[in-house]
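> From first to last, the protein sequence lines are chains A and B.
Heads up: the first sequence at position 111 corresponds to 111 in the numbering used here, and the numbers run straight through without jumps.
Heads up: the second sequence at position 79 corresponds to 79 in the numbering used here, and the numbers run straight through without jumps.
The hints are simulated quantities; they were obtained by calculation from the structure and are not laboratory data.
None of the hints are false.
Beta-carbon label-pair distances, calculated as ranges:
1) B:G40 <-> A:T2: 15 to 23 Å
2) A:G28 <-> B:D30: 23 to 31 Å
3) B:E58 <-> A:Q82: 38 to 46 Å
4) B:Q57 <-> A:S65: 38 to 46 Å
5) B:R107 <-> A:T113: 18 to 26 Å
6) B:L71 <-> A:K22: 36 to 44 Å
7) A:P61 <-> B:G40: 23 to 31 Å
Distance condition first, Cα-Cα at most 16 Å in a straight line; then the derived EDC-like pairs of lysine to aspartate or glutamate:
8) B:K56 <-> B:D66
9) A:K41 <-> B:E5
10) B:K104 <-> A:E44
11) B:K3 <-> A:E44
12) A:K19 <-> A:E67
13) A:K40 <-> B:E5
All C-beta atoms in this analysis are idealised placements derived from N, C-alpha and C, irrespective of residue type, glycine included.
This is what each chain is made of:
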Amino acid sequence: ETGVTQTPRHLVMGMTNKKSLKCEQHLGHNAMYWYKQSAKKPLELMFVYNFKEQTENNSVPSRFSPECPNSSHLFLHLHTLQPEDSALYLCASSQRPGRGTDTQYFGPGTRLTVL
Amino acid sequence: ELKVEQNPLFLSMQEGKNYTIYCNYSTTSDRLYWYRQDPGKSLESLFVLLSNGAVKQEGRLMASLDTKARLSTLHITAAVHDLSATYFCAVDSFAGQDKIIFGKGTRLHILP
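Between the sequences and the hints, there should be enough to build the whole structure, so can you do that?
And the structure:
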């Protein structure tokens with residue numbers, strides 16, 4: 001696989017479920033990001049990880065819990081979500097951390113629907 | 001707080017015509033990105049503009065950056081249907097933070 005991959009591509013869950021989104025980058029990058037894209041808002045940055053350390057949490061509710069075990073993998077653990085959390089969740093990576101200076105490469109996204 | 005505004009948000013145009021998408025931002029930055037997103041797909045990097053006066057071209061698309069005016073433009077020359085997509089600009093927050101701020105996107109529809 002090349003680039004940035006995300007699984008699953010589609011996810012439907014109830015408000016009481018617990019699920020996880022997975023992202024893997026095959027680019028040798030050191031920074032990884034989670035974004036939320038919903039119909040009515042601009043692309044929203046959620047979390048940033050540089051060298052496995054979280055450097056940004058953009059006031060994201062605690063029902064979203066990120067995990068970055070290494071520079072190539074990023075997870076987003078979901079629990080007790082709300083219907084308004086339904087959106088496209090995009091993962092991205094970039095070469096160097098710091099100021100988001102490098103081009104970010106995006107994965108295909110996970111389309112999440114919360115019932 | 002950095003704000004990024006794009007206009008227009010929707011654009012329908014005929015093939016063969018020229019048009020420009022504008023991206024304004026509110027605070028100092030010298031790094032700006034343009035991305036393309038096809039329906040149901042992820043974002044694809046088009047251009048990275050790193051200095052005042054930077055101009056980059058790829059096919060029928062040309063992007064420029066004026067940091068003094070805090071303005072970037074994406075110019076489309078002789079549009080073709082394949083360029084139909086949503087185009088986003090994004091600006092480096094330039095505040096010691098590891099993030100860039102995206103505009104709302106311009107949905108471009110090119111009519112044959």
